[in-house]
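Using the sequences provided together with the hints, build the complete structure.
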Amino acid sequence: MKRTKIAALLSADGPREQIIVKGWVRTRRDAKDFSFLEINDGSCLANIQAVVDADAKGYEHIKDMGTGASVAVTGALIASPGKGQAWEVKASEVELIGGADQDTFPLQKKRHSDEFLRAIAHLRPRTNKFGAAFRIRSELALSVHRFFQDRGFFYLQSPIITGSDCEGAGEMFRVTTMHPGQPLGPEGAKADFFGKEANLTVSGQLSAEPFALALGDVYTFGPTFRAEPSDTARHAAEFWMVEPEMAFADLTDNMDLAEDLLKHCIRDVMERRAGDLELFAKWVDTSLMGTLEKLVADPFERIPYAEAVEILRKAPKSFEYEAAFGKDIQTEHERYLAEEHFKKPVIVYDYPKDIKAFYMRQNEDGRTVAAMDVLVPRIGEIVGGSAREERLDRLEARIAEMNLNMECYDWYLDTRRFGTAPHAGFGLGFERLVMLATGVTNIRDVIAFPRTYKHLEF
RNA sequence: UCCCCGGUAGCUCAAUCGGCAGAGCGUCUGACUGUUAAUCAGAAUGUUGGGUGUUCGAGUCACCCCCGGGGAGCCA
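Just so we're aligned, residue 4 is where the first sequence starts under the working numbering, counting upward by one.
Hints may contain errors.
As the list claims (entries may be wrong) - Below, simulated SDA-like cross-link-like pairs (lysine to any residue); rule was C-alpha separation at most 20 angstroms, straight line:
1. Lys346 x Arg401
2. Lys86 x Ala34
3. Lys347 x Met273
4. Lys317 x Asp301
5. Lys320 x Ala309
6. Lys25 x Ile65
7. Lys359 x Glu296
8. Lys113 x Arg31
9. Lys25 x Ala10
10. Lys35 x Lys66
11. Lys25 x Gln88
What the hints contain is simulated information worked out from the structure, not anything from laboratory work. Being a predicted model, the structure only gives us computed values, none of them experimental.
Written as structure tokens, this is what we have:
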């Protein structure tokens with residue numbers, strides 16, 4: 004007989020004579036002649052309670068079915084005579100599949116600190132919180148795909164290994180088959196696997212642009228790598244990014260898309276993983292549901308960078324860094340705008356060209372580019388994007404002005420030489436979306452096995 | 001890389017002025033109960049992160065190192 008998942012059993016509309024449940028024991032309560040087993044199989048947050056009488060087959064092993072042990076319970080699904088649950092399993096047989104020594108099994112039937120659980124990342128998905136977090140993460144990933152599929156976007160798999168050192172979005176990880184001691188540098192690179200320097204991608208954008216200018220609307224969704232020595236709760240060396248790119252689109256289309264995407268994903272999680280979300284609303288961030296409901300219901304604020312700077316300069320609050328036109332908006336500024344001033348997501352657009360990338364479309368004022376960042380409460384920047392400079396002469400001029408190597412971009416410039424078209428896109432940090440949806444404040448707690456500066460465990 | 005905080009039992013933490021290392025939870029044993037993080041009684045559990053120094057005496061003070069957390073910078 005096949006096992007039935009607990010999520011299905013708990014939503015049953017009637018009793019069933021014969022079922023089998025397989026999962027991990029969360030806790031056991033013994034009476035004189037019978038025991039209660041709380042079993043979780045990961046299919047949902049809730050456990051199912053099994054009642055095992057002393058005459059059930061296999062009861063002699065009940066003492067070994069402690070917290071963490073894996074078991075199979077065969078029996079009938081019945082309406083529970085006890086309070087606290089609608090359904091329970093009246094066991095006719097229990098089987099110990101894998102024991103868990105109670106003296107050494109690290110998870111206890113009580114709350115643990117996030118710090119402790121990070122040290123046992125291979126076991127933490129067995130906790131309520133991390134089980135819920137990773138079910139929500141899965142739901143969000145599917146939600147991203149549904150969103151784009153519904154809008155006629157094509158899913159592009161952009162390369163992970165790049166030979167271009169021109170992506171310009173941050174420090175890169177070197178990819179090599181050279182052994183320690185073999186020469187690196189330009190000479191060594193010729194003898195390396197690709198015959199040139201290779202790196203892990205920091206962005207799929209340069210791949211996505213040519214495909215947008217062919218398939219119309221595309222998006223990438225995959226791993227991204229940054230070798231920045233960032234040591235914060237919001238950065239990882241390996242993370243996932245969603246990067247849509249639209250042909251015949253401008254900055255307003257781009258802002259609309261970003262706002263719609265965020266709202267769609269949050270709405271999906273609220274509808275489809277309500278049970279898991281409740282855990283976070285109750286234990287992690289009591290204001291979570293209010294934040295999410297507001298995010299879904301209200302239009303995001305949209306303000307030009309210059310206006311944002313004015314708001315910051317007039318703010319009844321002193322910042323460590325002074326806000327001024329031409330300077331980057333600092334983390335403290337982002338948080339002030341999203342958390343205190345507007346109290347909702349804010350899209351800041353039209354940034355000074357000197358603090359933004361070469362490919363962003365130059366505005367007619369001569370000093371700003373059509374860039375936009377979406378700032379959300381608690382997390383700060385979650386989306387960064389722009390209209391792309393589609394005019395060949397303007398783009399070349401900008402590359403020259405910024406002292407970049409024109410040769411690097413030759414193939415990229417071809418897209419502007421032949422049938423160029425206005426286009427726009429952005430990058431959404433996927434982990435930050437998971438953090439937004441759950442209220443989790445550390446990126447390491449929404450990644451299965453996080454890779455961060457000076458940390459590569461598991 | 002910089003600033004701040006921390007490291008004591010399996011986990012979360014306490015330990016007064018430098019003076020016998022503790023509690024709760026968990027675990028184990030027993031009792032009891034259609035129980036709900038069950039309850040009651042009892043038991044076991046320590047290189048106080050590592051090192052050096054000061055002192056009659058260091059968990060506590062000084063210095064160095066290691067590890068963890070928070071914040072900043074960089075960014076998604």
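For each hint, the structure was consulted:
{"no.": "1", "hint": "Lys346 x Arg401", "in the structure": "violated, 36 angstroms"}
{"no.": "2", "hint": "Lys86 x Ala34", "in the structure": "holds, 17 angstroms"}
{"no.": "3", "hint": "Lys347 x Met273", "in the structure": "holds, 18 angstroms"}
{"no.": "4", "hint": "Lys317 x Asp301", "in the structure": "violated, 25 angstroms"}
{"no.": "5", "hint": "Lys320 x Ala309", "in the structure": "holds, 18 angstroms"}
{"no.": "6", "hint": "Lys25 x Ile65", "in the structure": "holds, 15 angstroms"}
{"no.": "7", "hint": "Lys359 x Glu296", "in the structure": "violated, 33 angstroms"}
{"no.": "8", "hint": "Lys113 x Arg31", "in the structure": "holds, 13 angstroms"}
{"no.": "9", "hint": "Lys25 x Ala10", "in the structure": "holds, 12 angstroms"}
{"no.": "10", "hint": "Lys35 x Lys66", "in the structure": "holds, 13 angstroms"}
{"no.": "11", "hint": "Lys25 x Gln88", "in the structure": "holds, 19 angstroms"}
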